[in-house]
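Chemist: Spelled out, the chains give:
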Amino acid sequence: MGEYYNDNDLERFGEVGKHCPDLFKKFMDWYGASLQEGVLTKREKVLIGLAVAHAIQCPYCIDAYTKSCLEEGMNLDHITEAVHVASAIRGGASLVHAIQAHNTVDKISM
Amino acid sequence: MEFIETLKKHNCYPLRASKIETLQVNVGYRCNMTCKHCHVEAGPSRSEMMDLDTIKAVIDILAGSDIRLLDITGGAPEFNPHLRFLIEEARTLGCHVMVRSNLTIYSEDGMEDMPLFYRDHGIELVASLPYYQGEVVDRVRGEHAFEKSIRALRTLNNLGFGVDPGGLKLDLVHNPQGMFFPPCQGRMEEEYRRELDRRYGVSFNNLFTLTNMPIGRFRKFLVERNQLDRYMERLRKSFNPAAVEGIMCRYLINVGWDGTLYDCDFNQMIGLSLNDKYPGTVREFDTGILAEREIAVDDHCFGCTAGQGSSCQGAAA
Numbered sequence: 001m002g003e004y005y006n007d008n009d010l011e012r013f014g015e016v017g018k019h020c021p022d023l024f025k026k027f028m029d030w031y032g033a034s035l036q037e038g039v040l041t042k043r044e045k046v047l048i049g050l051a052v053a054h055a056i057q058c059p060y061c062i063d064a065y066t067k068s069c070l071e072e073g074m075n076l077d078h079i080t081e082a083v084h085v086a087s088a089i090r091g092g093a094s095l096v097h098a099i100q101a102h103n104t105v106d107k108i109s110m
Numbered sequence: 001m002e003f004i005e006t007l008k009k010h011n012c013y014p015l016r017a018s019k020i021e022t023l024q025v026n027v028g029y030r031c032n033m034t035c036k037h038c039h040v041e042a043g044p045s046r047s048e049m050m051d052l053d054t055i056k057a058v059i060d061i062l063a064g065s066d067i068r069l070l071d072i073t074g075g076a077p078e079f080n081p082h083l084r085f086l087i088e089e090a091r092t093l094g095c096h097v098m099v100r101s102n103l104t105i106y107s108e109d110g111m112e113d114m115p116l117f118y119r120d121h122g123i124e125l126v127a128s129l130p131y132y133q134g135e136v137v138d139r140v141r142g143e144h145a146f147e148k149s150i151r152a153l154r155t156l157n158n159l160g161f162g163v164d165p166g167g168l169k170l171d172l173v174h175n176p177q178g179m180f181f182p183p184c185q186g187r188m189e190e191e192y193r194r195e196l197d198r199r200y201g202v203s204f205n206n207l208f209t210l211t212n213m214p215i216g217r218f219r220k221f222l223v224e225r226n227q228l229d230r231y232m233e234r235l236r237k238s239f240n241p242a243a244v245e246g247i248m249c250r251y252l253i254n255v256g257w258d259g260t261l262y263d264c265d266f267n268q269m270i271g272l273s274l275n276d277k278y279p280g281t282v283r284e285f286d287t288g289i290l291a292e293r294e295i296a297v298d299d300h301c302f303g304c305t306a307g308q309g310s311s312c313q314g315a316a317a
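In the order they appear, the protein sequences are chains A and B. At position 67 of the first sequence (counting the first as 1) the number is 67 in the working numbering, and the numbers step up by one without a gap. At position 206 of the second sequence (counting the first as 1) the number is 206 in the working numbering, and the numbers step up by one without a gap.
Isolated chain B (complex conformation):
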């Protein structure tokens, strides 16, 4: 495996977790969208959904450890019928809760009040908005996606999200619209801020730029265009040892919809579970054993270490 060889060459192998600061929970793969870059391959037909027992086991982990950041992802997390319960319990325990939202979900029947619920529970929202121009976004995410996203952002701004640095946080996520790398995060943030304000009167806190991972739908796109090898080669050539320090797997642990533990959401999607010597599910969770675990890696990990690096919080280097 070339990623392991590369880590060895830079004295970074085995790659170890540093500390579990975040419990990242994927509550289900169902989504109202079928974005072309989605590593989950989420969509309306996906039925994988975290059940109440597993949700309770997640809450037990938070109650029994010093992990204070809960990062909820999907699919569209809002489709999970136990999402509100999970959030309420986590907030009662004093956890900071982050929800990864696709923004368009609030246009779906029965979802209109979610922004209000998020406000009332002091949730940090991390919202996917691949670009500040409708034509580009709709090409990746589907017809009317941009229009619905802008409508949602205005609603969130009106509720106090993304308006001032000390208030409710609303972060946006940019990813390239094809087989190329993301721009410099700082500069793109400035451009998003200027253009979203000028064109739509919308504001936000931070922009995270992510590299498209060569898994899921994006991988299929690369294969269809006969470009997988070329993209992988570019990721390999762009390996940046400085990015290794900040990659997300070193600071979080990921929970699949069925309670299986993973080093990150990407590993979850390719079925790469934790190394055999560690507890494998939420019910066996042990912070002491898992905190400095050896991380399971494969060649898709080049996606997180290329250039400025890519993490759940954007650039890693």
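For reference, chain A alone in the conformation it holds in the complex:
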């Protein structure tokens, strides 16, 4: 399959808008607005972005939000802590489903 993800592909994101341009524009406006400083600071927002990028394991987002974190003056300690939060929540989300397994055991057992 060769290289499925390429460094330069993120810069080609705009090409997606060649089809369904109205929808793409709505997405871009929404994306841009959601990252503007609001009640949350820019720094908080890019950390959320980084954590989500790792939770969904998107290579483009990981590259982009790692750079954003550095441009907000953060370092590897900030970045690693955020990834731990994402990972812990992912892990916890699996683990908590043990309750469903236990419920199923109760349901089908005598």
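Since the hints were derived computationally from the structure, they do not count as laboratory data. Small disclaimer: the values here were computed from a predicted structure and weren't measured. All C-beta atoms, glycine included, are put in the ideal place defined by N, C-alpha and C. Hints are supplied without guarantee of correctness; some may be wrong.
[Said to hold, decoys possible] PhoX-like mimics (lysine-lysine), calculated; alpha carbons at most 20 Å apart, straight line:
hint : chain 1 : residue 1 : chain 2 : residue 2
1    : A       : LYS45     : A       : LYS67
2    : B       : LYS220    : B       : LYS36
3    : B       : LYS277    : B       : LYS19
4    : B       : LYS9      : A       : LYS67
5    : B       : LYS237    : B       : LYS9
6    : A       : LYS67     : B       : LYS36
[Stated by the list, open to error] Each pair of labels, with its calculated beta carbon distance range:
hint : chain 1 : residue 1 : chain 2 : residue 2 : range
7    : B       : GLY166    : A       : PHE27     : 51 to 61 Å
8    : A       : THR41     : B       : ARG225    : 23 to 33 Å
9    : A       : PHE27     : B       : THR155    : 51 to 61 Å
[Claimed, not checked] Here are some chain A residues pointing at chain B (derived, C-beta under 7 Å):
hint : residue
10   : LYS26
11   : ASP29
12   : LEU70
13   : GLU71
14   : GLY73
15   : ASN75
Given the coordinates of chain A, work out where chain B should sit on it, guided by the hints.
Modeler: Chain B alone, transformed into the frame defined by chain A:
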């Protein structure tokens, strides 16, 4: 040249100096460090050094003009054997003197008393400290650089530098540790202040954030990683017309180690001298002609106009 086209588009061309407030003098390229981001490509093997005759010509400029701010840079300026003479003469003339220091130089043999000399002459120090964390700084500046810098900052604080707003000034300089842009200057200053105090008990006056210029060692790094075009494109896209007003070349003139005049230290490093119609060396210096000169620009100038802007005094917009 794209920078000129961009200036024209924003009605900023030709870019003109506003006033010469500062005489910035590069007294030599020799340095005890070989930092990865250094636009001068300074290091222990560099031999370019301003001689006494040129230093005297610089002093003549200060004596014969109303320029009252002398900004001394290098390399490590402390390696120039005439540095003390230059400072003493400039102070006698009533000039405010700023020295750009790498901090680690005070750990070198024979340099230990420089902080004391700076204190006795009321010098403002602008010191390079790319980050408040050792691991990050040493990666850019070399092994033990951070430890030596903290030791120097403690010495300077003990001498009264960077302790209170009205006292001896000690400013720090942050620059990104790679191919990305600097953070918001105000917020980074708060973070530096908090972290340097909490971790090391060190204080300072102001923090300046600088953009890495695509010249010198940083350019080589970009070329090696095949990222020069991408970085340049990002600088171009981040052009901020509001930053043009405050960029340093509009308020200073730069002197090379051999007495050649430049619009800034970056132009000096790429050999882009003043426009032909202006006096070219310290010996021909003429404030009247140079004050509103047309500034020589090239595409590296996008580095000073990107985002919040970048100047010798940090953010320009």
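Chemist: Are the hints correct? Go through all of them and say.
Modeler: Hint check:
1. LYS45(A) - LYS67(A): 13 Å, holds
2. LYS220(B) - LYS36(B): 9 Å, holds
3. LYS277(B) - LYS19(B): 18 Å, holds
4. LYS9(B) - LYS67(A): Cα-Cα ~30 Å, so violated.
5. LYS237(B) - LYS9(B): 14 Å, holds
6. LYS67(A) - LYS36(B): Holds, at about 19 Å.
7. GLY166(B) - PHE27(A): 51 to 61 Å: 53 Å, holds
8. THR41(A) - ARG225(B): 23 to 33 Å: 31 Å, holds
9. PHE27(A) - THR155(B): 51 to 61 Å: Hint holds: Cβ distance 55 Å, inside 51 to 61 Å.
10. LYS26: Given a least distance of 23 Å, the restraint on LYS26(A) is violated.
11. ASP29: 19 Å, violated
12. LEU70: 5 Å, holds
13. GLU71: 5 Å, holds
14. GLY73: Holds, because the Cβ-Cβ distance from GLY73(A) to chain B comes to roughly 4 Å (cut-off 7 Å).
15. ASN75: 6 Å, holds
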